[in-house]
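K.L.:
Protein sequences appear in the order of chains A and B. The working numbering runs 80 ahead of the 1-based position in the first sequence. The working numbering runs 1044 ahead of the 1-based position in the second sequence.
Calculated directly from the structure, the hints in this document are not laboratory data. Check before you lean on any hint, since a few could be wrong.
Quick list of in silico lysine-lysine cross-link-like pairs, PhoX-like style, CA-CA up to 25 Å [what the hints assert, rightly or not]:
#: 1; chain 1: B; residue 1: K1197; chain 2: A; residue 2: K99
#: 2; chain 1: B; residue 1: K1201; chain 2: A; residue 2: K99
#: 3; chain 1: B; residue 1: K1097; chain 2: B; residue 2: K1087
#: 4; chain 1: B; residue 1: K1103; chain 2: B; residue 2: K1087
#: 5; chain 1: B; residue 1: K1190; chain 2: A; residue 2: K145
#: 6; chain 1: B; residue 1: K1103; chain 2: A; residue 2: K145
#: 7; chain 1: A; residue 1: K97; chain 2: B; residue 2: K1171
#: 8; chain 1: A; residue 1: K97; chain 2: B; residue 2: K1166
#: 9; chain 1: A; residue 1: K148; chain 2: B; residue 2: K1171
#: 10; chain 1: B; residue 1: K1197; chain 2: A; residue 2: K128
#: 11; chain 1: A; residue 1: K145; chain 2: B; residue 2: K1197
#: 12; chain 1: B; residue 1: K1133; chain 2: A; residue 2: K83
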Amino acid sequence: MKKTQVYSPRVLNSEEKNKVSKLIFESTGEAKSDVSFYVDESLIDGLKIIYNDKMLDLSLEGQIKSLKGE
Amino acid sequence: MQNLGLDWKVLIAQIVNFGLLLILLKKYLYKPLVKAIDDRNKKISGALDDSKKIEEKLKNIETKEVELLNLARQKARKERDEIVDIALKEKEKIVDEARVSAQREVEKGIDRLESAQKEAVKVLSDKYMDEVVTELYKRFTERTKKNNYPILKSLLK
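Okay, chain B solo, but in the shape it has when bound (with noise of 0.2 Å):
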């Protein structure tokens, strides 16, 4: 070994002192150095186990959404179609109403229209009927006379 120009002493010193610096890094540098990637790691595990989670609950959420979306239209075109048929059936029901209203006041109309006629008639008969009657007593009396009688003599032929 002394020709190889090592020296025992110094040798084991620097094998001692090689240990003791293995040693102090490992305890002092390494442990902590991989204690930190583990934890660095478990974080990083972690967040991406939670980033699933997250993705999942937004996967369900979205689908929920969906479903409470479908069941929202479902409903609202129910309600729609019912609220368009009640609509409907007022609808029918006001113009029926209107329509036999109508109907009665156009009956009312016309009963109140005969009654003024033949009101009216009525009146005009009474006022003027005596009249036309005298003068026609009157001016077939003077003819007939005149004319010897025509009916009569018609009816003698």
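Bound-form chain A, shown alone (with noise of 0.2 Å):
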């Protein structure tokens, strides 16, 4: 079972979590894995997923720091 790292501005409900794991499936095809939930306020917005090494990061703070070409 492969780890999955997600982490979002605020405290996400149990609610959020499942429609999280849900998009994690969609995206990946796996029904099953690992996901721990972090808080990381410094995203601003969204979200910031890493999964098997890879990160799609859906958040403010990653955009903002595309502008100044990080």
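Each of the two chains sits in its own frame; use the hints to bring them together as a complex.
P.N.:
Here it is in structure tokens:
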């Protein structure tokens, strides 16, 4: 079972966590994965998902950093 | 004869006198006169010959002059054509060199402009981007909290 880390700017409730798991399933195709949720306020808004050493940055921080060329 | 009134002695004397007169005339008048006329004729004939020779020479000279003029014209035309040809080639060469040089200058100018533009963008980016990013962080942090994280909401619809 692969581990997945999910970062959000605030604490997610159980319904939101389920939706995130569903989103991961739709993206990866894996029905089961070990998902851990973390809070990272520096994201400002959105989500950051790290799955199988790959990062899916859906955060506002990532968008702002891309402006800077980082 | 005497019946005719002629005296033999007088007649003979007159004949002798006339003969003497003829001899003297021939010696002192007729010969020099004929000689002078012959000399003059010869001179005239010589002058006419000279004149003809001079005319022929003049014609020859004119012919040669025309030939020389034609040759000179041909030579001048040939030299002019050569000079024009050389000048045209030189002109083309100069124009080509100028075109290449201008093209190089334009390319150099474009390179310089691009470098200056990149440098300006880099300087501006370095100078203002940190400020812009900091400002964006600040504004969005406040706004997203107020609006209850709209991107997150949109992702988890």
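K.L.:
It remains to establish, for every hint, whether it holds in the given structure.
P.N.:
Structure-based check of all given hints:
no. : hint                 : verdict
1   : B:K1197 with A:K99   : holds, 11 Å
2   : B:K1201 with A:K99   : holds, 8 Å
3   : B:K1097 with B:K1087 : holds, 15 Å
4   : B:K1103 with B:K1087 : holds, 24 Å
5   : B:K1190 with A:K145  : holds, 22 Å
6   : B:K1103 with A:K145  : violated, 105 Å
7   : A:K97 with B:K1171   : violated, 41 Å
8   : A:K97 with B:K1166   : violated, 42 Å
9   : A:K148 with B:K1171  : holds, 12 Å
10  : B:K1197 with A:K128  : holds, 14 Å
11  : A:K145 with B:K1197  : holds, 21 Å
12  : B:K1133 with A:K83   : violated, 79 Å
Against the hints set out earlier in the document, violations occur for numbers 6, 7, 8 and 12.
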